[in-house]
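First to last, the protein sequences are chains A and B.
Taking our numbering, the leading residue of the first sequence gets 871, the next gets one more, and so forth.
Taking our numbering, the leading residue of the second sequence gets 539, the next gets one more, and so forth.
These are computed hints drawn from the structure, not numbers from a lab.
Glycine residues also receive a C-beta, built at the ideal position from the N, C-alpha and C atoms.
Among the hints, a few may not be true.
Listed below are several chain B residues computed to face chain A (Cβ distance under 10 Å; list not exhaustive) [what the hints assert, rightly or not]:
(1) A578
(2) P599
(3) Q604
(4) S653
(5) G714
(6) E747
(7) L790
(8) S791
(9) G895
(10) G897
Some chain B residues well away from chain A (every beta-carbon gap over 12 Å; in silico) [stated by the list, open to error]:
(11) Q609
(12) E611
(13) V645
(14) C772
Simulated DEER-style distance windows between Cβ atoms [to be verified]:
(15) B:L774 / A:D1000: 49 to 59 Å
(16) A:P879 / B:E762: 37 to 47 Å
(17) B:D811 / A:L918: 34 to 44 Å
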Amino acid sequence: MTALKGSGPAVCIGEDIDTDLVIAGRYLRTKDWNFWAEHVFEDLDPGLAKRLKGAVLVAGKNMGCGSSREQAARALHEAGVLAVIAPSFARIFFRNCINVGLPVLECELPGCHDGMTVLFDCTEGWIEVDKARYIFRPLSSGMQEILSTGGLIEYWKRRLNR
Amino acid sequence: MTTLSEKILGAQAGTYIDRHVDRAFCHDGTGIQAKIIYDAIGAPGIACPDSVYIIYDHIAPANNSQTAELQAELRALAREYGVHFLDIGSGICHQVMAEGRVAPGEVVIGADSHSCTLGALGAFATGVGASDMAGIWVSGETWLRVPDSVGIHFSGSLSAGIEWKDAALSYIAELGMDGATYAAIEFTGESASSVPMEGRLTLCNMAVEAGAKTGLFYADKETEQYLAGYSVTCQLQVPDKPDYVKDCYQDLSDLEPVCAVPHRVDTIKPVSDLAGTSLDQVFIGTCTNGRFEDMARAARLLKGHRVKVRTIVVPASEHDYLKAVNTGVAADLIKAGCTIGAPGCGPCLGAHMGVLGRGEVALSTANRNFKNRMGVGASYYLCSPSTAAASAIYGEITDPREVI
Ligand code: SF4
């Protein structure tokens, strides 16, 4: 199950962050998902991984561009990120986040700085930072279903057992 | 009116659709991840094994025992379900699929971001992650949002020493790294029909570098002729005055040789501005520029010279490799001092066979120059095979027009 609403401190990163920066190619070949949590963002800022548990990742435009590696979404999820917010996403990364059960919200948060508390609600489609409320287009019901069941694995398990 | 994506997907831009997938492919890297998801789902079987392809290219042959064991597991899955399996040495998934395994009008999904390459054949081809691929194995279908389209209109023709790669880097620079996010790019205009298939594959391959979902050429006489070589019948496609959300005009006659500079694909400079930059390695290959024609252009420049810097050439497929051997292109490359690797991705993703060291500077014909990708602490420039070959001769970035 994935929480479609929640709150946590913002961890802010820049624009055009590619998936090689989220998790480097040299760490991809393993079945141990937890291993990626230690190395997430290593080439961007080695101190970031430790700050992600319970955090809301606030990125600049074109978040997750580049390679299709699902490990990028998986690594953020394993590291304990509650949701990723950005003005725009690379489409494969966007799909991958939904498929691993990590909420992705397409929204610009102009006044958001590191450490500010971010509240979000994916079903109603809003985010609150520093008493300001931002509205974004809610995810389609199908996407919400994949997300809320905890990702594509659980989603397909349920569908096949129906 | 209707865009090619709307025609193939049968719905208007912006609509979410569930669509049967005609071809679904993955490689050793994403395939193993898809298998983990597939196993966790516990599905009774693969819905349409005949449309599923697994192609080993990313770390091929395996670089260590861990990789070898993961690859063995995926091989076993391929055998169990009877899906198409192409082992090491076959080539890069996108190129292998382009060799007679995809027809115009099909919906092609690959678990790799450069799956957009196959739009060169007039197919709707796009990349997904491993879970989506596992979902396709389970059900034979996937959901898609029909994209808006961006038109790139070509006029004029390329001058000597300028290549389709220069055109590709130039349009990416014009659109920017997110200039076509969520959209499909259609390559059109009066000169589109004169682009040979190898150029179409290079141009469509890089569409994702502008964030695009796919890049598309309408299937025409060139497509028909190319596919006839693989005994694939081709339904011609004619543009129906498509509505584009953005237009970009490129006069091919105005282009010059360019490089994307570290570490952004959309930041280019004329090769002449970078001339003299000293190099530690040159790499000619990848799904962008590892085809026979690319190797042949490089060989033409290298013939009779000896490279001044280590130069790695990796053919995009077995088919391209064999053609290079049969035509003497491979011999010319070897005589010039190039190291030829097994068909596949080679060092492109920084996993094996030519990874760079800290502080090293390289020139590559790949599509991405992200920080640390081809080696931690290294930097590299992206260019055409001719620029790469000319630069290999001198050991520094060199304008190919000085050598031809
Ligand atoms: S050659 Fe490079 S860009 Fe192409 S599929 Fe292989 S790793 Fe990806």
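Legend entry - E762 (chain B) and P879 (chain A) - C-beta distance against the hinted 37 to 47 Å: violated (58 Å)
Legend entry - Closest C-beta approach of L790 (chain B) to chain A relative to 10 Å, hint status: violated (27 Å)
Inset, instruction - With chain A as the partner, please determine if S653 (chain B) meets the hint condition of a C-beta pair closer than 10 Å. - result: holds (8 Å)
Inset, instruction - Go through the hint on G897 (chain B) and say holds or violated, using the shortest Cβ distance to chain A against 10 Å. - result: violated (15 Å)
Legend entry - 34 to 44 Å as the expected CB spacing between L918 (chain A) and D811 (chain B), which holds or is violated: holds (35 Å)
Inset, instruction - Double-check P599 (chain B) for me: the hint is only fine if its C-beta lies closer than 10 Å to a C-beta in chain A. - result: violated (14 Å)
Inset, instruction - Against chain A, run the beta carbon of G895 (chain B) and see if the smallest gap drops under 10 Å. - result: violated (13 Å)
Legend entry - E747 (chain B) as chain A interface residue, shortest Cβ-Cβ below 10 Å: holds (8 Å)
Inset, instruction - Determine whether the non-interface label on V645 (chain B) survives the test: each CB of chain A must be over 12 Å from its CB. - result: holds (16 Å)
Legend entry - Supplied distance hint 49 to 59 Å, evaluated on CB atoms of L774 (chain B) and D1000 (chain A): This hint holds: roughly 57 Å between Cβ atoms.
Inset, instruction - Mind checking the CB of G714 (chain B) against every CB in chain A and telling me if the closest is under 10 Å? - result: holds (9 Å)
Inset, instruction - Examine each Cβ of chain A, and state whether all of them lie more than 12 Å from the Cβ of E611 (chain B). - result: violated (9 Å)
When held up to the earlier numbered hints, the structure conflicts with 2, 7, 8, 9, 10, 11, 12 and 16 and fits the remainder.
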